[in-house]
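Asks: Single-letter residue listing:
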Amino acid sequence: MKGGLSLLTKLLTKDCIQLANFVRSWQEAIHLAASPLVQQHKIEQRYVEAIIQSIEHYGPYVVITPKVAIPHARPSDGVLELAISLLRLQKPVFFSPNQPVYLLIVLAAIDNASHLQVLADLALVLQEPDQIDDLIACQHADMIWEKIKQYTTKESTE
Amino acid sequence: MKILVVCGSGLGSSFILELNVKKALEVLGKDAEVTHTDLASAKAEKADIYLGAADIVNELAKDKGIIVSIVNMMSISEIKEKLEPLL
Numbered sequence: 001m002k003g004g005l006s007l008l009t010k011l012l013t014k015d016c017i018q019l020a021n022f023v024r025s026w027q028e029a030i031h032l033a034a035s036p037l038v039q040q041h042k043i044e045q046r047y048v049e050a051i052i053q054s055i056e057h058y059g060p061y062v063v064i065t066p067k068v069a070i071p072h073a074r075p076s077d078g079v080l081e082l083a084i085s086l087l088r089l090q091k092p093v094f095f096s097p098n099q100p101v102y103l104l105i106v107l108a109a110i111d112n113a114s115h116l117q118v119l120a121d122l123a124l125v126l127q128e129p130d131q132i133d134d135l136i137a138c139q140h141a142d143m144i145w146e147k148i149k150q151y152t153t154k155e156s157t158e
Numbered sequence: 001m002k003i004l005v006v007c008g009s010g011l012g013s014s015f016i017l018e019l020n021v022k023k024a025l026e027v028l029g030k031d032a033e034v035t036h037t038d039l040a041s042a043k044a045e046k047a048d049i050y051l052g053a054a055d056i057v058n059e060l061a062k063d064k065g066i067i068v069s070i071v072n073m074m075s076i077s078e079i080k081e082k083l084e085p086l087l
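These protein sequences, in sequence, are chains U and Z.
Each residue of the first sequence is one higher than the one before, counting from 1 in the numbering used here.
Each residue of the second sequence is one higher than the one before, counting from 1 in the numbering used here.
Some hints here could point you the wrong way.
Said to hold, decoys possible - One side of the interface only, derived from the structure: several residues of chain U facing chain Z at Cβ under 8 Å:
id: 1; residue: Ser54
id: 2; residue: Tyr58
id: 3; residue: Tyr61
id: 4; residue: Lys67
id: 5; residue: Ala73
id: 6; residue: Gly78
id: 7; residue: Ile110
id: 8; residue: Asn112
id: 9; residue: Leu119
id: 10; residue: Ala120
id: 11; residue: Leu122
If you are wondering where the hints come from, they were derived from the structure by calculation, not from laboratory data.
Just so you know, even glycine gets a beta-carbon here, dropped at the ideal spot from N, CA and C.
Given only the sequences and the hints, what does the whole structure look like? Please build it.
Replies: Right, here's the structure in full:
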């Protein structure tokens with residue numbers, strides 16, 4: 001792993017990173033965040049609907065840490081390929097009145113195991129609130145990708 | 001001691017939370033079996049402590065065992081504070 005790209009940076013290609021000014025609702029945010037994966041045939045449209053239904057049913061548990069949500073559903077809900085996409089919002093969208101979200105990271109897993117390394121990489125990014133703020137401040141997809149690369153390779157040599 | 005980390009699908013949030021629960025246990029110098037699962041399976045699985053986002057764990061029956069709800073799933077200190085008195 002030393003010197004190599006983390007699985008997260010391999011999967012989160014630059015064309016799956018989007019920046020937007022604002023969205024009207026968390027549902028719209030999820031549709032937008034997942035749209036590259038639909039266009040690239042990595043997920044079916046029904047996977048997006050399954051994510052929204054799951055949040056409507058269980059509540060906004062996908063808001064994993066302040067400012068960040070990791071919307072996802074089950075492999076059987078229409079995942080075609082292990083994939084991940086990211087949306088950075090300039091103005092937050094609210095998943096509940098006290099949960100503003102600026103970063104949405106859509107996860108699409110094909111089984112119970114293959115995505116675990118991606119999540120472990122993601123944990124390296126999200127464990128530091130300063131790193132989250134740095135990602136939110138980025139103005140280009142390239143910069144977001146570079147930062148994630150930096151955050152996920154520095155500790156992989158351990 | 002068995003800690004079951006629960007989320008809606010058992011795939012994403014619960015795995016990240018499981019990693020952080022393990023880190024918190026390491027800091028506390030405590031040992032426990034930690035696994036993650038989805039809410040439906042959690043209802044049928046026995047554990048000493050059920051841990052997850054409030055939206056999720058509040059759906060578990062009150063007589064299940066100890067229920068711990070976590071607000072910031074990336075915060076080792078929150079997890080540590082909430083688990084410490086229970087171990």
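Asks: So, for every hint listed, does it hold in this structure?
Replies: Hint-by-hint comparison with the structure:
| no. | hint | result |
| --- | --- | --- |
| 1 | Ser54 | holds (5 Å) |
| 2 | Tyr58 | holds (4 Å) |
| 3 | Tyr61 | holds (4 Å) |
| 4 | Lys67 | violated (10 Å) |
| 5 | Ala73 | holds (6 Å) |
| 6 | Gly78 | violated (13 Å) |
| 7 | Ile110 | violated (10 Å) |
| 8 | Asn112 | holds (7 Å) |
| 9 | Leu119 | holds (5 Å) |
| 10 | Ala120 | holds (6 Å) |
| 11 | Leu122 | holds (7 Å) |
In summary, the numbered hints that this structure violates are 4, 6, 7.
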